[in-house]
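Novice: Protein chains in written order, with the numbering used here: chain A, 1 to 341; chain B, 1001 to 1341; chain C, 2001 to 2341; chain D, 3001 to 3341.
Worth flagging that the hints you see were computed from the coordinates, not collected in a lab. One thing to keep in mind: the hints can contain errors.
As the list claims (entries may be wrong) - Over the 12 angstroms line for every Cβ pair with chain C, so calculated as not near, a few chain B residues:
(1) 1126
(2) 1216
(3) 1228
(4) 1229
(5) 1282
(6) 1306
(7) 1307
(8) 1318
As the list claims (entries may be wrong) - Derived BS3-like pairs: lysine-lysine, alpha-carbon spacing no greater than 25 angstroms straight-line:
(9) C/2045 <-> C/2160
(10) A/5 <-> A/326
(11) D/3301 <-> D/3339
(12) A/5 <-> A/45
(13) C/2131 <-> A/309
(14) C/2045 <-> C/2150
(15) B/1219 <-> C/2131
(16) D/3131 <-> B/1005
(17) D/3160 <-> D/3150
(18) C/2045 <-> C/2219
(19) B/1160 <-> C/2219
(20) D/3219 <-> A/160
(21) B/1219 <-> C/2160
(22) D/3339 <-> B/1309
(23) D/3045 <-> D/3160
(24) A/160 <-> A/150
(25) C/2131 <-> A/5
(26) C/2219 <-> B/1219
(27) D/3005 <-> B/1131
(28) A/219 <-> D/3219
(29) C/2219 <-> C/2005
(30) B/1339 <-> B/1326
(31) D/3045 <-> D/3301
(32) D/3160 <-> A/219
(33) D/3005 <-> D/3309
(34) B/1005 <-> B/1131
(35) D/3005 <-> D/3219
(36) A/219 <-> D/3131
(37) C/2326 <-> C/2301
(38) B/1219 <-> B/1160
(39) A/149 <-> A/160
(40) A/326 <-> A/309
Keep in mind the model is a prediction, meaning the values are calculated, not measured. For every residue, glycine included, the Cβ atom is placed at its ideal position computed from N, Cα and C.
Protein chains: 4
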Amino acid sequence: MYSFKNDYSEGAHPRILNALAESNLEQEEGYGEDRYSQEAIEQLKERMGGTDVAIHLFSGGTQANLTALSAFLRPHEAAITASTGHIFVHETGAIEATGHKVIVVDTNDGKLTPAHIQGVLETHNDEHMVKPRLVYISNTTEIGSVYRKKELEQLSHFCKEHHLILYMDGARLGSALCSAENDLELSDFPQLADAFYIGGTKNGALIGEALVICRDSLKEDFRFHMKQKGALLAKGRLIGIQFLELFRNNLYFDLARHANQMADRLREGIGQAGFAFLSHSPSNQIFPILPNVLITALQRKYSFYVWDKIDTERSAIRLVTSWATKEEAVAAFIEDVQKGC
Amino acid sequence: MYSFKNDYSEGAHPRILNALAESNLEQEEGYGEDRYSQEAIEQLKERMGGTDVAIHLFSGGTQANLTALSAFLRPHEAAITASTGHIFVHETGAIEATGHKVIVVDTNDGKLTPAHIQGVLETHNDEHMVKPRLVYISNTTEIGSVYRKKELEQLSHFCKEHHLILYMDGARLGSALCSAENDLELSDFPQLADAFYIGGTKNGALIGEALVICRDSLKEDFRFHMKQKGALLAKGRLIGIQFLELFRNNLYFDLARHANQMADRLREGIGQAGFAFLSHSPSNQIFPILPNVLITALQRKYSFYVWDKIDTERSAIRLVTSWATKEEAVAAFIEDVQKGC
Amino acid sequence: MYSFKNDYSEGAHPRILNALAESNLEQEEGYGEDRYSQEAIEQLKERMGGTDVAIHLFSGGTQANLTALSAFLRPHEAAITASTGHIFVHETGAIEATGHKVIVVDTNDGKLTPAHIQGVLETHNDEHMVKPRLVYISNTTEIGSVYRKKELEQLSHFCKEHHLILYMDGARLGSALCSAENDLELSDFPQLADAFYIGGTKNGALIGEALVICRDSLKEDFRFHMKQKGALLAKGRLIGIQFLELFRNNLYFDLARHANQMADRLREGIGQAGFAFLSHSPSNQIFPILPNVLITALQRKYSFYVWDKIDTERSAIRLVTSWATKEEAVAAFIEDVQKGC
Amino acid sequence: MYSFKNDYSEGAHPRILNALAESNLEQEEGYGEDRYSQEAIEQLKERMGGTDVAIHLFSGGTQANLTALSAFLRPHEAAITASTGHIFVHETGAIEATGHKVIVVDTNDGKLTPAHIQGVLETHNDEHMVKPRLVYISNTTEIGSVYRKKELEQLSHFCKEHHLILYMDGARLGSALCSAENDLELSDFPQLADAFYIGGTKNGALIGEALVICRDSLKEDFRFHMKQKGALLAKGRLIGIQFLELFRNNLYFDLARHANQMADRLREGIGQAGFAFLSHSPSNQIFPILPNVLITALQRKYSFYVWDKIDTERSAIRLVTSWATKEEAVAAFIEDVQKGC
């Protein structure tokens, strides 16, 4: 049974395990003040053109989101998200648990536009309602779409004009940046977003997300918030070493590129077999629409999520590829789809 | 510069890194539902005599404490702790951030007794005050002392009588169980405590604490709380594999025993040099009182915390040993103390 | 300028002020333990057939809602509400501020049905999402509709079956119970709801809402929650005296009946003038659809909210009547509408 | 049975009830935007020399404290209070329920000094601990002592130097300002404190505390916080009318002066009978130390709190006087004490 369920089924890329092993017996400071974490942070800053950002390493995305948003918002301020947004759907009310409402907007493709935000601002106009303050986007989105530079610039401009914080969840930022449709670079984000995170867990690390805080006023005392939310690891080196390795010689991008290529092949092969897709997702998640009988047959050999019922005969499934996805598995899957399994 | 600052300066025990490497490319379920986490939990349950406990794996102690306490308590209920308690001092108000007051009691040795709790109950007697509901203890305590079985039985009995939840922070439970003064076994705790955690990070793991919930009424829906607090790792296997290895062939206890032995040697050597100690700590933390001039000299070769000023001439320092502490370093330190450095 | 903006524009019914004046210099216990509050609670219990409920007096609806919901729910549990629900729209995220997500459902008429709840349960099926636990309804709803007994019985039955708490916001319960379409009595609610409140502020009191907790397991320690949320008034008698007076000789129902009659006349008169209504609202709020030119003319003599744009020519307005609404003002308004102002 | 238990046993001063009755049928805006609240606020501003403060009306002290502190503090910031402080002892963890730790300092007389705060700052020096940010004082204190101008100036200066917010709970500010030892005026506080409240409930109002926010950066969006915490009354006029009346012709001070005079007489009469006092309290609360037999005898005719056990024979009791305390009751109490009851 081969799994296309997600991009965190395997452990870490072997180079990361090696790096952990090599440094293992060195004595280091705790709580992220070790030499490796410091170096990883410096290396990331250079990657982003030496801009004046603050970087903090987290062990998971929900933790990064809840720590950042609760640190950035005052009690009456709320986040705005697409209805597909991870914080709205799949974090067990983590943001609300820190006291903040999450305002939701329906979208076609998981991407927010200034018009979406404008609509929210217009209906929130006095103190009997929360104050919309932070715009939460994901890139890639939860349904695999990717922001174009122009879209992000418009959103960023709108947010600056309306004193809104623009926050980007980059759990799958690697896949976004290596998408065929991407025209953004890592160094663009500090200009466009007020804060964002670079996801490691879903791109080859054991654990690790690097939160980048770009707006000065959001940086103060941030480590207090991390400690309070249980996000400072005693052996913070564990994440530092991984990010150092991920961004040495572009490993991060190589891994994402592989994941995307595997998805591209699946998309092409399934398309050639005559099947359509639920959404346009030029990244490592694809959502082909298949006959239920074919799905049942495929489930005997592969694991994946059945995403949505289309009609009585067909459903959309979700296939996720990763740095570890095997070419043979992809080829076999395509063959199985093409021959009806 | 050799460090006696803490027990998390090095990475993981090599056997743990090996276990991670060996399983690395296997595909596993996410969020702690992988085979390794399940096996680790089964193994721990057997260790505790097959009792009907629920076990959940966390990446750090603050995270385990805040998730457990906020899950166990209703909004008006409070925790009681010694003034040395980690939740009171060193978690940046993590418990208060979930809405709960932490009531503090001064103790001589970091250990709570029924008399301490009784005093709190007597002064909290109506709805204008919080309702004391959970007793938080640490074993070993933050100042290195260790609970005797009799003490824990009395506390446990008192808590049951007064409908209080007894929660034990076991960040250094390995050292406690291997202390010369210990008369408890791992399998005793499910009878004595309502919940406790077995610390991995400070005893050879990269990250990992195993929370054991013993009281049935506290078990329900616990994974919801973990997810909400950002404590469910996508690659939960990372902790499962480590605990599986730690409790295979008693590695956990071997590591703690080594840490304690190194502390024993330091204690004995420093004592022979004629110096006293701030507290009685039969575990892997010791607090010798040394002349300031000697401390300054030692600081050129070793790193450690200066804990407390005793008088104008002398201070207490904290020395912490671990599974990774080297015998040569201990010997050298003793020699340096004995010859006045 | 006569106001139809809301049902809290005037002070209290004169009998209430008299009752306050008469008891003014008596010395009473503080924090709701005074004789008047106790009597008011006993009187309400009798009204509800002597059922075993707990009753607590609050100074406002938002306060009652946030105290009750945060007391009833564990951290991972959420409330379900119609998208018109007061807790979703107009309480500045008060429920989220206590840590709980509010799940929203679109409805036609502001009323929830078992089918609505069923839909929510189906999409909330694991620990990555909050656990729906409490169903929040309002009677009358925020758009003036009224629950029939059968509807409430079905909802109540569904909630019991699915271990959900049914909570009713009765800010305008007086108007609901005196509606022409009502077939419920006050004594029905303890059987149907797990908790609800009887609104005083919008029906003749200066301040005051009486929260009735019907389910035993929700009663424990409730006064702790009130104190913690700032809801225990030092001079709790202020609310006790008012409720005692409101339910003496059915004043509460007389006042609500007057409010409804005034709304009935407005509805009839405006209907006779040929205008339609945005919604069916057999209570003290009505939403006539009027030409914008007429609205502008009316605004010179009356204040009211313009509720919704219908098309380029017409809008819906909201007219609210109360115990204090004057017959002459209603007559004049109708005349102005009929003659085109 | 005459009560000296507290200063909120009676209703309101008759002039206040009259003012409520006179304005009762006027139609006013809701939620504190009525004419009376606006006038009351303007009048208070004038009283304070026309300084640029923001004023908000609350129905109780706990509500004012929790709304203000949660609005002023970021999640990792904590309040400092004397161990006698109301927020530490008697608000059921209201501040912690909003997520903030309350750091406690022992004092002799309930008053904080720069030295107390300095001690807290020194022990809170990194991100593993909360960040002390707000200094909470009460005037009068909970044990009846009163701040001198010099003391408040020193505290204020220290807070400014250390970027701390100075917040004063003025539940009994009337009694403080009319104390024989007071040398402060209402108009001094905007220069000295960053925010404070003027207590109405304990000085003749039915309910009502006026929060004064002096520091500009704390003013923004404050009404959102009030609404979120359930503190905006629909009929906000209820508090506005009372404060308008309280500060018309100095009623507020006349009432406080009467309360203090009654306490002065009790203090003098009890002192003449040869009894000592637990603390120096030149305000409307006194703490005489009496033989237990005398206390028992007095309890047959008067109600009051037994505050503290002094030795096997004697206890301290608390006597509280108010605007409503009767001269005859005071005279009778003194006589009973002097003749041994």
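Novice: Within a Cα-Cα threshold of 25 angstroms, do residue 2045 of chain C and residue 2160 of chain C meet the stated pairing?
Specialist: The given pair, whose Cα atoms are some 23 angstroms apart, holds under the 25 angstroms limit.
Novice: Does the structure keep residue 2045 of chain C and residue 2219 of chain C at a Cα separation of 25 angstroms or less?
Specialist: Holds, at about 15 angstroms.
Novice: Holds or violated: are the alpha carbons of residue 2131 of chain C and residue 309 of chain A at most 25 angstroms from each other?
Specialist: Roughly 23 angstroms separates the two Cα atoms, so the pair holds.
Novice: Quickly compare the C-alpha distance for residue 3045 of chain D and residue 3160 of chain D to 25 angstroms and report which way the hint goes.
Specialist: Satisfied, since the Cα-Cα distance of roughly 23 angstroms is no more than 25 angstroms.
Novice: Sort out whether residue 2131 of chain C lies within 25 angstroms of residue 1219 of chain B, counting only the CA atoms.
Specialist: OK: residue 1219 of chain B and residue 2131 of chain C at ~15 angstroms, within 25 angstroms.
Novice: Sort out whether residue 1326 of chain B lies within 25 angstroms of residue 1339 of chain B, counting only the CA atoms.
Specialist: It holds: about 20 angstroms lies between the C-alpha atoms, which stays within 25 angstroms.
Novice: Residue 1307 of chain B: least C-beta distance to chain C exceeds 12 angstroms?
Specialist: Answer for residue 1307 of chain B: holds, closest chain C Cβ roughly 36 angstroms.
Novice: What's the verdict on residue 1219 of chain B and residue 1160 of chain B, does the C-alpha distance respect the 25 angstroms limit or exceed it?
Specialist: Given pair residue 1219 of chain B, residue 1160 of chain B holds - Cα atoms ~17 angstroms apart, limit 25 angstroms.
Novice: Between residue 219 of chain A and residue 3131 of chain D, does the CA-CA distance stay at or below 25 angstroms?
Specialist: This hinted pair holds, its Cα atoms lying about 15 angstroms apart.
Novice: Run the C-beta distances from residue 1318 of chain B to all of chain C and say if the shortest one exceeds 12 angstroms.
Specialist: Holds: least Cβ distance 36 angstroms, greater than 12 angstroms.
Novice: For the pair supplied as a hint, residue 3339 of chain D and residue 1309 of chain B, is the alpha-carbon distance within the 25 angstroms limit?
Specialist: 56 angstroms, violated
Novice: Are the Cα atoms of residue 5 of chain A and residue 326 of chain A separated by 25 angstroms or less?
Specialist: Holds, at about 14 angstroms.
In this structure, the hints that do not hold are numbers 1, 3, 4, 12, 22, 29, 31, 34, 35 and 40, in rising order.
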